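Start from chain A and add chain B according to the hints.
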Amino acid sequence: MVEAFWVALLGLLVAGYFALAGFDYGVALVVRFTGRDEPARRRVLRAMTPYFLGNEVWLVAAVGVLFGAFPRLEGELLSGHHGAVVVLLVGLVLFTVAVQLRDGGWWDVPLIGGALLVSVSWGLLLADVLGGPGWLWAVGVTALFSLHGAVFLVWRLSGPLRARALRCARWLLAPVAVFAALTVPTTGPVPVPAFGWAAVLAVLLLGAAWVALRGEAFGWAFVATAAVCALPVLAVFGARDVVGSEVMAHAGTLAPLAWIALGVAPLVLVFQWATWRMSRAAR
Amino acid sequence: MDALGLARLQFALTTSFHFLFVLLTIGLVTVVAVMQTRATLTGGAVHLRMTRFWGRLYVVNYAMGIATGIVMEFQFGLNWSGLSEFAGDVFGAPLAVETLVAFFLESTFLGLWIFGWDRLNRWAHLALIWLVALTAYASAVWIMVANGFLQHPVGYEVHDGVLRLVDLGALLTNPTFTVAVAHLVFGALTVAGVFVTGVSAWHFLRRTAEVDFFRRSLRTGVWTTALATPFLIGAGFGQFPVIAQFQPGKTEAAGPVGGAGLGVMIQIGFTLFLVSWLTLPLLWRDRVTRWRPVLWLMVIGVPLPFAAAILGWLLRELGRQPWLVYGLLRTEDALSPVDAGGMLTSLIAFAGVFLVLAVADWVVIARLAARGPDPESAPAPVSPLVPAL
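Those protein sequence lines, which keep their order, are chains A and B. Numbered by our numbering, the letters in the first sequence go through residues 1 to 283 in order. Numbered by our numbering, the letters in the second sequence go through residues 284 to 672 in order.
There could be a bad hint or two in this list.
Selected chain A positions facing chain B (Cβ under 7 Å, derived; list incomplete) [said to hold, decoys possible]:
1. V60
2. L89
3. H250
4. I260
5. A261
Reference listing, derived: stretches of chain A covered by chain B, where coverage requires no fewer than 3 residues with Cβ under 8 Å from a Cβ of chain B [unchecked claim]:
6. 70-76
7. 96-103
Hints are computed from structural coordinates only; laboratory data are not their basis. What you are looking at is a predicted structure, and each value in this text was computed from that prediction instead of being measured. Quick reminder that beta carbons are idealized off the backbone N, C-alpha and C, glycines included.
Bound conformation, chain A alone:
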């Protein structure tokens, strides 16, 4: 019972990270295609920045839970993929600092470079865990985050900037759908029914995003691409029995931690919700 709680919490945090931070990286990846000059790029980035701090910390919390509740998995997972994790961290550091300090065009080098390193290394890590081809996942996750970022911008911006973000999003929909379809035959020995259903669901959600973009229901398109970003995480949890009790901490650790997590979770959700609410009012 306590074990199931921790697996669910870890899944929720990682899925939340992909769905939320995914558009942070995506906005950085498409900023040069959406904003033609510096004032326009600033407007594009500042559609995302109010959420940035709240989005990135989902990863921090996920790794904290990984360390506290799954200590045997944490060391194996991170040290077992040393190269990819190092690239991920370098990308995260570059991106995190550049977002917060950007005051001119040259900061776009660490900003876009960092976002690219992050999405490529997440692709490589997912490919590694699922046994798929690295290049496909690296390109695919980068395209997926870019799509998510573009759809977010369509939702949050207006006028010509929205039109250009919309063009980006339309361009990216088909390649991402192809990526989702290709993952099924190319992925290594995983329980195919569950994994195949995830891919089918991804393609359906991308279709829904397309319909929503056409119907100008931009908020719903964003929800759809957010769900697609979270899907690989659920696929990993479904396809790989990564979280058996032998990698988990003992009940003496899990019980007190669970009380603390249960106490904090409502606070976190309330204040994350407040961030979205306040920024909506500011739009």
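Leaving out everything else, chain B in the frame of chain A:
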């Protein structure tokens, strides 16, 4: 150098960078919270401008703190997987609490504080900065709980060759945690006090027109330093009996670097204590703001508490060797199965990126600090993250 040496060097370098930024974060957020409290209570325009100016420097400094913090969190699993395998049940618990209770909430609160400026009710906005401060302190507390466990393991039992947590309360009353966290907190306040003093002194050297603004800031800085340093020194010396009891021979284990560092740290601590108390009478009628040699010393002194903090940290960590978990797990036995080439690559990558970004961050801080506060009529946002309205 072998993989072990490279991994240790990597940990020392990344921790030192992280430490430089979090020290100022913890100290400065306290100063900013006090400034904002005065602004909210009195409605004084100068206090509000001070909150914005010092708050902006705080936010820019935080940017690098969070970035380096992410690397710290991953590094245990990345390079020291033996630690989580053997002691993860105990050592991982405070780290997990730190990320959930402190890091996660701190960033969320800070985001709300940044974007709630001029939008939220002023009391709600004031509450947010205190929540940011509170969670920053909670962060320090839980990290030091984890570190205190490495120095003197408590609250555990050994089962099947790995540790199990049996008493979380023992971790929280661990003598290697309690005195050390007080030392750390007063160190952070000293860093902030010296920083605020130095920046204000610089503006008087440049014959600033913002006399009232920097007069008040300078007083805040000097008083913060003067009030923090006695407790800083007390909690520093308070650790010697604990060390004598649980880690005899710590200074020898730390080697010549750690031993010399201890001496320099103590010198810096006493110097800051003395000069801050000697400056207090000079604050009368703001005499000190016209005494240029003293102002110069205040500017030059800014790096001193940072240097002392790094030296103290080196002593604490080097003096724990050859143990990772004192008496239980040797550092060499905790190393991940990663070859020296991979370790060297990651060391170069992290050190290079941190160095470039830290310098960039300090340049931004120096520029913003030198530019001075915004004119009252046209205040700029507190962070570049804020969308233009």
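Here is how each hint holds up against the structure:
Against a cut-off of 7 Å between C-beta atoms, the interface hint on V60 (chain A) holds, since the closest Cβ of chain B lies about 5 Å away. Because the beta carbon of L89 (chain A) sits about 5 Å from the nearest beta carbon in chain B, less than 7 Å, this interface hint is met. Restraint check, H250 (chain A) versus chain B: the minimum CB separation of about 5 Å is within 7 Å; hint holds. Interface restraint check for I260 (chain A): the shortest CB-CB distance to chain B comes to about 6 Å, inside 7 Å, so the restraint holds.
Interface restraint check: A261 (chain A) against chain B, minimum CB-CB distance 6 Å, threshold 7 Å, status holds. Under a criterion of three residues with beta carbons nearer than 8 Å to beta carbons of chain B, the stated coverage of the region 70-76 of chain A is upheld, 5 such residues being counted. By the rule of at least three residues with a Cβ nearer than 8 Å to a Cβ of chain B, the coverage given for the region 96-103 of chain A holds, with 7 such residues.
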